[in-house]
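Q: Sequence:
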Amino acid sequence: MATNTILFDLDGTLVDSANEISVILNAMRKERGLSALADTHFRQKISYGAGEIVKCSLPPTKESPQILINEFRERYTALTIPKTSIYPTVVETLSVLKDRGIQLGICTNKPQNLCDNVLRDTELERFFSYVIAGRAQLQPKPHHESISLAMSDMDADTTTTVLVGDSTADQRAAQSANIPFIFFAAGYDDGVDENQAFASIEVMRELLKINLF
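The sequence shown maps to residues 1 to 213 in my numbering.
It is possible that part of the hints are untrue.
[What the hints assert, rightly or not] Below, computed lysine-lysine pairings styled on DSS-like, alpha-carbon distance capped at 25 Å:
hint	residue 1	residue 2
1	Lys83	Lys98
2	Lys62	Lys83
3	Lys98	Lys209
[Stated by the list, open to error] Label-pair restraints from in silico Cβ distances:
hint	residue 1	residue 2	range
4	Phe213	Glu63	23 to 33 Å
5	Lys30	Gln196	18 to 28 Å
6	Ile67	Asn211	42 to 52 Å
Derived by calculation from the structure, the hints in this document are not laboratory data. Idealized CB from N, CA, C, for every residue including glycine.
Using the sequences provided together with the hints, build the complete structure.
A: Written out as structure tokens, the structure is:
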């Protein structure tokens with residue numbers, strides 16, 4: 001296939017944000033008299049956004065779920081995301097792809113301000129010509145809306161675009177948008193069907209070896 005556009009999920013694909021999310025949620029738990037949870041408790045929920053992460057991490061209280069979600073996001077916004085959170089070989093792979101003239105985009109469920117913070121703090125923003133993140137009136141993955149909008153805005157189509165991601169939300173969104181899905185197996189795999197993926201990679205540089213171009 002002659003790929004000229006690659007869309008990437010963010011958390012669990014380009015950056016490993018589990019540690020920061022674990023720190024925030026365990027701090028919230030501690031303040032409520034609850035014991036800490038291991039990082040593994042949070043990993044498979046990250047792709048589904050703050051609501052799902054908070055729901056599985058904090059038991060029901062008198063506080064409304066939205067208050068807890070807002071607190072989580074406020075704490076997240078205050079963090080500086082370290083460059084060490086970038087998965088190995090991501091930077092070199094993005095550099096090669098950009099030098100080849102491939103359009104690179106981000107397609108994430110993370111709210112726009114948090115996405116922008118991560119890309120800025122990690123200095124990954126320089127690689128991407130297009131970013132679409134979670135916002136009101138946009139259906140999140142696994143719905144295909146964000147992918148379809150990205151392709152439209154980037155003047156791409158289903159014959160030249162692939163999505164790289166780590167979760168069933170990514171896989172289902174790609175299938176619904178009728179584009180190939182490349183599974184990043186080192187991320188937050190929550191039951192991805194590798195048999196239905198166009199390809200699977202363990203480290204990002206393996207993307208360069210796939211027959212896409």
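Q: A separate judgement is required for each hint: does it hold in the structure or not?
A: Now the hints, each set against the structure:
no.	hint	result
1	Lys83 x Lys98	holds (20 Å)
2	Lys62 x Lys83	violated (37 Å)
3	Lys98 x Lys209	holds (15 Å)
4	Phe213 x Glu63: 23 to 33 Å	violated (51 Å)
5	Lys30 x Gln196: 18 to 28 Å	violated (41 Å)
6	Ile67 x Asn211: 42 to 52 Å	holds (49 Å)
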